[in-house]
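Asker: The listed protein sequences correspond, in order, to chains A, B and C.
What the first sequence shows, in my numbering, is residues 59 to 382, in sequence order.
What the second sequence shows, in my numbering, is residues 57 to 533, in sequence order.
What the third sequence shows, in my numbering, is residues 141 to 433, in sequence order.
Where hints are given, some of them may not hold.
[What the hints assert, rightly or not] Here are the computed lysine-lysine pairs in the BS3-like style, where the Cα-Cα straight-line distance is at most 27 Å: (1) C:K177 - C:K155; (2) B:K142 - C:K246; (3) B:K383 - A:K112; (4) A:K287 - C:K155; (5) C:K177 - B:K481; (6) C:K152 - B:K504; (7) A:K136 - A:K287; (8) B:K383 - A:K369; (9) A:K108 - B:K383; (10) B:K142 - A:K327; (11) A:K287 - A:K108.
If you're looking for bench data, these hints aren't it; they were derived computationally from the structure.
Read off the chains here:
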Amino acid sequence: MSSTSTILDPAFEDVTRSEASLRRFLHGLPGVDQVGAEARAAGLATRSIKTSAKEFALDLAIRMVDLTTLEGQDTPGKVRALSAKAMRPDPSDPTCPATAAVCVYPDMAGIAKQALGTSGVHVAAVATAFPSGRAALDIKLADTRDAVDAGADEIDMVIDRGAFLAGRYQHVYDEIVAVREACHRENGESAHLKVIFETGELQTYDNVRRASWLAMMAGAHFIKTSTGKVQPAATLPVTLVMLQAVRDFRETTGRMVGVKPAGGIRTAKDAIKYLVMVNEVAGEDWLDPDWFRFGASTLLNDLLMQRTKMKTGRYSGPDYFTLD
Amino acid sequence: MPSPFEYAPAPESRAVVDIKPSYGLFINGEFVDGHGASFKTISPATEEVLAEIAEADEADVDAAVRAARTAYDKVWSRLPGRERAKYLYRIARIIQERSRELAVLESLDNGKPIKESRDVDVPIVAAHFFYYAGWADKLEYAGHGADPRALGVAAQVIPWNFPLLMLAWKIAPALACGNTVVLKPAETTPLTALLFAEICQQADLPPGVVNIVTGAGGTGQALVGHPGVDKVAFTGSTAVGKAIARSVAGTSKRVTLELGGKAANIVFDDAPIDQAVEGIVDGIFFNQGHVCCAGSRLLVQESIAEDLLERLKARMSTLRMGDPLDKNTDIGAINSGEQLKRIRELSEVGDAEGAERWEVACELPTKGFWFPPTLFTGVSQAHRIAREEIFGPVLSVLTFRTPAEALEKANNTPYGLSAGVWTEKGSLILKMASSLRAGVVWANTFNKFDPTSPFGGYKESGYGREGGRHGLEAYLK
Amino acid sequence: MTPSNARIDVRKTYKLYIGGAFPRSESGYSYEVLDSKGKFVANAALASRKDARDAVTAARKAFGGWSGRTAYNRAQILYRIAEVMEDRRPQFVQAVSQSEGLSAAKAGGVVDEAIDRLVWYAGWADKITQVVGNANPVAGPYFNLSTPEPTGVVAVLAPQASSLLGLVSVVAPVIVTGNTTVVVSSYDRPLPAVTFAEVLATSDVPGGVVNLLTGSAATVGPWLAAHMDVNAIDLTGVAGDTALATDLEVAAADNLKRVRRAPAAEPDWSLDQGLEPMTAFLETKTVWHPIGV
Numbered sequence: 059m060s061s062t063s064t065i066l067d068p069a070f071e072d073v074t075r076s077e078a079s080l081r082r083f084l085h086g087l088p089g090v091d092q093v094g095a096e097a098r099a100a101g102l103a104t105r106s107i108k109t110s111a112k113e114f115a116l117d118l119a120i121r122m123v124d125l126t127t128l129e130g131q132d133t134p135g136k137v138r139a140l141s142a143k144a145m146r147p148d149p150s151d152p153t154c155p156a157t158a159a160v161c162v163y164p165d166m167a168g169i170a171k172q173a174l175g176t177s178g179v180h181v182a183a184v185a186t187a188f189p190s191g192r193a194a195l196d197i198k199l200a201d202t203r204d205a206v207d208a209g210a211d212e213i214d215m216v217i218d219r220g221a222f223l224a225g226r227y228q229h230v231y232d233e234i235v236a237v238r239e240a241c242h243r244e245n246g247e248s249a250h251l252k253v254i255f256e257t258g259e260l261q262t263y264d265n266v267r268r269a270s271w272l273a274m275m276a277g278a279h280f281i282k283t284s285t286g287k288v289q290p291a292a293t294l295p296v297t298l299v300m301l302q303a304v305r306d307f308r309e310t311t312g313r314m315v316g317v318k319p320a321g322g323i324r325t326a327k328d329a330i331k332y333l334v335m336v337n338e339v340a341g342e343d344w345l346d347p348d349w350f351r352f353g354a355s356t357l358l359n360d361l362l363m364q365r366t367k368m369k370t371g372r373y374s375g376p377d378y379f380t381l382d
Numbered sequence: 057m058p059s060p061f062e063y064a065p066a067p068e069s070r071a072v073v074d075i076k077p078s079y080g081l082f083i084n085g086e087f088v089d090g091h092g093a094s095f096k097t098i099s100p101a102t103e104e105v106l107a108e109i110a111e112a113d114e115a116d117v118d119a120a121v122r123a124a125r126t127a128y129d130k131v132w133s134r135l136p137g138r139e140r141a142k143y144l145y146r147i148a149r150i151i152q153e154r155s156r157e158l159a160v161l162e163s164l165d166n167g168k169p170i171k172e173s174r175d176v177d178v179p180i181v182a183a184h185f186f187y188y189a190g191w192a193d194k195l196e197y198a199g200h201g202a203d204p205r206a207l208g209v210a211a212q213v214i215p216w217n218f219p220l221l222m223l224a225w226k227i228a229p230a231l232a233c234g235n236t237v238v239l240k241p242a243e244t245t246p247l248t249a250l251l252f253a254e255i256c257q258q259a260d261l262p263p264g265v266v267n268i269v270t271g272a273g274g275t276g277q278a279l280v281g282h283p284g285v286d287k288v289a290f291t292g293s294t295a296v297g298k299a300i301a302r303s304v305a306g307t308s309k310r311v312t313l314e315l316g317g318k319a320a321n322i323v324f325d326d327a328p329i330d331q332a333v334e335g336i337v338d339g340i341f342f343n344q345g346h347v348c349c350a351g352s353r354l355l356v357q358e359s360i361a362e363d364l365l366e367r368l369k370a371r372m373s374t375l376r377m378g379d380p381l382d383k384n385t386d387i388g389a390i391n392s393g394e395q396l397k398r399i400r401e402l403s404e405v406g407d408a409e410g411a412e413r414w415e416v417a418c419e420l421p422t423k424g425f426w427f428p429p430t431l432f433t434g435v436s437q438a439h440r441i442a443r444e445e446i447f448g449p450v451l452s453v454l455t456f457r458t459p460a461e462a463l464e465k466a467n468n469t470p471y472g473l474s475a476g477v478w479t480e481k482g483s484l485i486l487k488m489a490s491s492l493r494a495g496v497v498w499a500n501t502f503n504k505f506d507p508t509s510p511f512g513g514y515k516e517s518g519y520g521r522e523g524g525r526h527g528l529e530a531y532l533k
Numbered sequence: 141m142t143p144s145n146a147r148i149d150v151r152k153t154y155k156l157y158i159g160g161a162f163p164r165s166e167s168g169y170s171y172e173v174l175d176s177k178g179k180f181v182a183n184a185a186l187a188s189r190k191d192a193r194d195a196v197t198a199a200r201k202a203f204g205g206w207s208g209r210t211a212y213n214r215a216q217i218l219y220r221i222a223e224v225m226e227d228r229r230p231q232f233v234q235a236v237s238q239s240e241g242l243s244a245a246k247a248g249g250v251v252d253e254a255i256d257r258l259v260w261y262a263g264w265a266d267k268i269t270q271v272v273g274n275a276n277p278v279a280g281p282y283f284n285l286s287t288p289e290p291t292g293v294v295a296v297l298a299p300q301a302s303s304l305l306g307l308v309s310v311v312a313p314v315i316v317t318g319n320t321t322v323v324v325s326s327y328d329r330p331l332p333a334v335t336f337a338e339v340l341a342t343s344d345v346p347g348g349v350v351n352l353l354t355g356s357a358a359t360v361g362p363w364l365a366a367h368m369d370v371n372a373i374d375l376t377g378v379a380g381d382t383a384l385a386t387d388l389e390v391a392a393a394d395n396l397k398r399v400r401r402a403p404a405a406e407p408d409w410s411l412d413q414g415l416e417p418m419t420a421f422l423e424t425k426t427v428w429h430p431i432g433v
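So that you can see chain A by itself, here it is in the shape it has in the complex (with noise of 0.2 Å):
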């Protein structure tokens, strides 16, 4: 969590100026070729994660995980459980790390906070009338600041798909910058902001490219795949294009941003090949939390399960561990 939040960068001045300098940026962005990226993608899926290797993937994915919940019949019972399992996730093994953060809706933010503590562990809110993001701006900024004031320290907002698909960046634009805005605190802290695109929505490689700049240049720390609400959510390929992203973006300004697929990664082997994606594509400086999330509910069981097997040199089962 960064204590003061960043100027925007002043690199882009000229290109957000309007909706013309935006739309000529965003569409002079190199194009994204499909086949070879999704051909790119599977060839680092073949990667073959073994001994030692696997063991430091499995803990770092852990601690890269989002856990969620974000349904309707939610209740504090339900968030002060998963934010238990949050914090200890095997509790038969106090070596096992705690996930990065607990990920609710903004009105159980305030309990994820209080079960959390002083933990470490991490309240990120989905805000901005998650997850269609069809609502006026004002309430979306209410929707912000209320999950900041209830302790929110990350708050995962979508963009207006719609107006995105209708070419008015700068409308995409000054929202992210405004909701950016609604995530300062009076103590000068400020909730980190990812932005989640909702890409099965995007559809094309390309709009996810130019989703990605549109987010970064306006102040997003990170760039989010998906709300988990639409299918097809995360993808390799999608990540891919994320990852040369905000590679790409610091090349150009020196700052990092961080990447989170979210949605439908539900096994440890696929968590894995989306590390060794972050590994060769961004840069080891991604492999770490602050960097990249996983956002995932059922992910986290499944790497107890392999983590338990490395240990134990046996398959475990479902029945070995908790299900909140």
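Fit chains B and C to the given chain A structure using the hints.
Answerer: Relative to chain A, chains B and C alone:
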């Protein structure tokens, strides 16, 4: 974080292959001793001797050609196409069944990464047999005349870069069309061809339809020059190809030649840049650059040259070089000491001619034959490294300003096997494709192979096509 | 009388094959199937209008996936059908012999031919485009390429006499190019078709690619011919019935189904059928693109 994500070794097990101490020749359906001396085949990654291989002399070659002739006359030419097809389908299936064994053996003998032998070579080998199996009973539909007939006995000589794949490219269409074959694998990579002989036995292929004679240049000459062969198919160097063309002059032997190349990989400023970088890497570092159609000349538009090279170098730095049997290896061993010597020599010429060498900083194993992924910038058309085939992981980078200049440079070579074009503008792709004097043009991709797609060169890259419907023509009259 | 110590055999229930599952007819109807000598063999499900409707839905659902597979993959799957059929050859010989009244030797020849025909069509999957598609040398700076594409959902009225070879000869050419199909089997001789469906179900053929209805072409055929989500119909199964064939053609005209007409008499299935069984259910797509800098 103290612990970076260092991939632990992930070696593919060798237990799946059973290499015999020595191998004979495969003639008339059985393994027989050769009359010549024997030679050793080694693993280029470790220089470990893998097996003793019989060297076929003229008498052995003669026996193989006679066996092929008898099989042709008595069995194969009389078999209906649909029955020939079933043998080829069987072979395709056995290759699929024994795919890991073939992949491991190929990587051991050739030095290529298991990732490639497993995911590229062997699957395409099976697909090639499967595809041509389907043609065996459909030849009258192939557009090569109403009553196409086989040529007879085909003499086939293949190189060491894709040992089993080149075997498939030769044997599958020949057999589908009703020919019988005598094939000579390269002396440094005979093992998968000999395992293929076992596969022919498992498939109950009639004796003599496929004969494998191992040996070096002398064996190849004896085979190509044998008066009993009706067809010569060769893949290898342009120099040897020319010698073959001379040697068959005045005979009725039909010839197809698939020879060297110096392909231009042309990147325009509007290319999908990340995929272009991948395509450049695939183009020149796939199979250690031991690829006749390798994109060994990068032609990049000046306006993006600096950015592209930076990205390329960063990407090259993530290539993993080492044990070919490690599943995470991207770059394996150079196939032989002799080839390594040639790569080194030409690279030194590049230095001497004033090009700037950049190579990936990596530790080379002390045993075996290794050469790091390398690129030369500041290369001009006049440099030898822009004109001669290095056949190794060495990329020569040139720049251009306009499409016309790119075309001029791309075509300014005696070779004409392949080319690559990278741009998001469709009409430019087609303009470049139609003006490039090359047998295969890849647009926004590179080094793609498929049994349905014809492959072969213009100019000194050879003549004839392998693959696809066109590939049948070489084996029919 | 059965001796008291004899084993009583377990008989198979012959059902429809729709969307990869084997349901009974939704109507609850079945009909008696007799062997060539008139002896009862089994009850077959009698497909209804609604079964046909369900089968079309299943075929449509499967079309995107099947037509989107690589030709190589479809080739492998058709070849796999042949492999599994060869494995069950004795069963097919018995079924064909029983249905068609052939000697075991002759029925064996028919089954062999059916298997070989599948192999023949398997090979066409990745070759038909190379034989009927082409680049066109238009007079201008354009790249111009014509390629065949599958028509869509094809209803097939399978031959009445040739219960297996005829069936394979009308089904394989339809699916090898990427179409999906609803097949109405021979009415009097449906059992080899049901066994064939069981082979399909265990040969990596995705559910819904082939849907098999046992019953009457005269009853179900008109519903298929008139169905607006069916793109083509093969009328081979009503060979010789000019009146019915004409009615079906008229119904098919409502959405301009491609019609493979009913022959005057059932063809000799032992002969090479040529390309027409495939090309009848292919569209040609031509793509133009400028060439320039």
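Asker: Return the numbers of the hints above that this structure violates; sort them in rising order.
Answerer: 4, 5, 6, 10, 11
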